[in-house]
Amino acid sequence: MGRALILAACLAAAPASAQDFTTLKGHGGPVMGIAVDTGGRVATASFDNSIGLWEGGPPAWLEGHDAAVNVVKFRSDGFLVSAGDDFTVRVWPAGSVNRVLGEHRGKVTDIAISTEAGLVASASWDGTIGLLPLDANWARALYPPLDEPEPRFLKASGAVNAVGFHGPDVLYAATATGEVVRYDLASNAALPVVRHGFGVNELIVTDDWIAYGAVDGGTRIIDHQGAEIADFTLDRRPILSMAYHADTHQLAVGDGHGYIMMVDTADWRIVRDFRATREGPVWALAFSSDGTTIYAGGLDDVAFGWPVDTLDAYDPGISGQRSFLRAPEEMTNGERQFMRKCSICHALEGSASRKAGPSLHGLFGRPAGTVPGYRYSDTLRMSDIVWDETTVDALFDQGPDHYIPGSKMPMQVIAGKDDRADLIGFLKQATRENHEHEE
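When we follow my numbering, the leftmost residue of the sequence shown carries the number 18, and every step to the right adds one.
Careful, some of the hints might be misleading.
As the list claims (entries may be wrong) - Across the chosen pairs, the derived CB separations fall in these ranges:
no.: 1; residue 1: E406; residue 2: E120; range: 53 to 61 Å
no.: 2; residue 1: D186; residue 2: E245; range: 20 to 28 Å
no.: 3; residue 1: D240; residue 2: R169; range: 24 to 32 Å
no.: 4; residue 1: D418; residue 2: D252; range: 45 to 53 Å
no.: 5; residue 1: T55; residue 2: D405; range: 50 to 58 Å
no.: 6; residue 1: T55; residue 2: G243; range: 48 to 56 Å
no.: 7; residue 1: A438; residue 2: P150; range: 46 to 54 Å
no.: 8; residue 1: R292; residue 2: K42; range: 15 to 23 Å
no.: 9; residue 1: D329; residue 2: D240; range: 30 to 38 Å
no.: 10; residue 1: S394; residue 2: A77; range: 23 to 31 Å
no.: 11; residue 1: S394; residue 2: D225; range: 40 to 48 Å
no.: 12; residue 1: V430; residue 2: T55; range: 43 to 51 Å
no.: 13; residue 1: L251; residue 2: D225; range: 19 to 27 Å
no.: 14; residue 1: R212; residue 2: K42; range: 40 to 48 Å
Hints in this document: simulated from the structure, not taken from any laboratory.
Beta carbons are placed, not taken as given, at the ideal position from N, Cα and C, and that holds for glycine.
Could you build all of it, start to finish, from the sequences and the hints given here?
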């Protein structure tokens, strides 16, 4: 797969002490999660199934997830922990080596790490919270002992979107049913502390307060019993990301309209309200270890970092102009179907790509599961499907979950027969033209 360099450029006059505007370019899909460790390493989780680990040069690509990676976090000792749409939570003890800590029955949207408790908590859309043991020793994380405790799973009222520890014995969880719930880990007792009325997407838990963000744009600060401390709700929805830097008292909130709101938690006031994207949401946020830079991800295949002190001097960095957002009148119907249903996962070119799915270059007449270098599911790799007009039509008529049960392809259906025919016509031409051009 292709590799891209970290690019950094100062785009506006700023104090000498401020950090530069930064871009981290190389993923093949939107950036869904970001984490920064105390040494300045940045980890990015992407829809392309990969984690990028950036240390001032070309990124190291950590490959192991079989679907989009939604969240990545550093433990205090440098461990990376990640989770994604493949239902797994993984730990990365050394380089690209990883092992599965636990597995849910639905996508995993968030993780929290407690060094004191030796646990990773995982939030899943299967309606459970995983409590996954994580040994403090690097070697044992790579080769777990035979007597390692089994993972536990707590039940929630619905899909779980976010989790956060309060000490080693208490865990808070945010659910799609609009609750913030307090779990006593010794007894597994659950006590709702907030019933918001709309799904709660984000959660930050500190020693003194809890911040949560909801589908309706609700952005509130509460104490550990649920009493309101402050309300920063604006007319922008939904809230999709949050980050907190304790030493500088900064809380960052990202929303579906592309803004990053910065709150000073020392005196509970909004200090900046920065439009980070020209189009689309802010899905991921993280502060640098010193709090001087805020990193963000959205629809672009790039993560951006802005110096906090001079945020207001910058234009939006995330363009959001993915191919499927082009004006419909600029494309044929077949190309529109490809852009909307296929382009986020598949390239048409034969060159290396970091997209989540294999290239469609030379698709017609090719047996399924045979593109070199792509990690196919066993279901697709062992199938007898050959891609042609009939099989591509059946794939989108029935949907991948029915046509090839067990494959990694997300659910996509094109109901209209003419729309499927137009897509097939576009693909036959586009993949053949690219193939002939390269030859």
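Okay, the hints, checked on the actual structure:
{"no.": "1", "hint": "E406 with E120: 53 to 61 Å", "result": "violated (38 Å)"}
{"no.": "2", "hint": "D186 with E245: 20 to 28 Å", "result": "holds (25 Å)"}
{"no.": "3", "hint": "D240 with R169: 24 to 32 Å", "result": "holds (27 Å)"}
{"no.": "4", "hint": "D418 with D252: 45 to 53 Å", "result": "violated (37 Å)"}
{"no.": "5", "hint": "T55 with D405: 50 to 58 Å", "result": "holds (54 Å)"}
{"no.": "6", "hint": "T55 with G243: 48 to 56 Å", "result": "violated (32 Å)"}
{"no.": "7", "hint": "A438 with P150: 46 to 54 Å", "result": "holds (53 Å)"}
{"no.": "8", "hint": "R292 with K42: 15 to 23 Å", "result": "holds (21 Å)"}
{"no.": "9", "hint": "D329 with D240: 30 to 38 Å", "result": "holds (32 Å)"}
{"no.": "10", "hint": "S394 with A77: 23 to 31 Å", "result": "holds (25 Å)"}
{"no.": "11", "hint": "S394 with D225: 40 to 48 Å", "result": "holds (46 Å)"}
{"no.": "12", "hint": "V430 with T55: 43 to 51 Å", "result": "holds (46 Å)"}
{"no.": "13", "hint": "L251 with D225: 19 to 27 Å", "result": "holds (23 Å)"}
{"no.": "14", "hint": "R212 with K42: 40 to 48 Å", "result": "holds (42 Å)"}
The structure is inconsistent with the numbered hints 1, 4, 6, although it conforms to all the rest.
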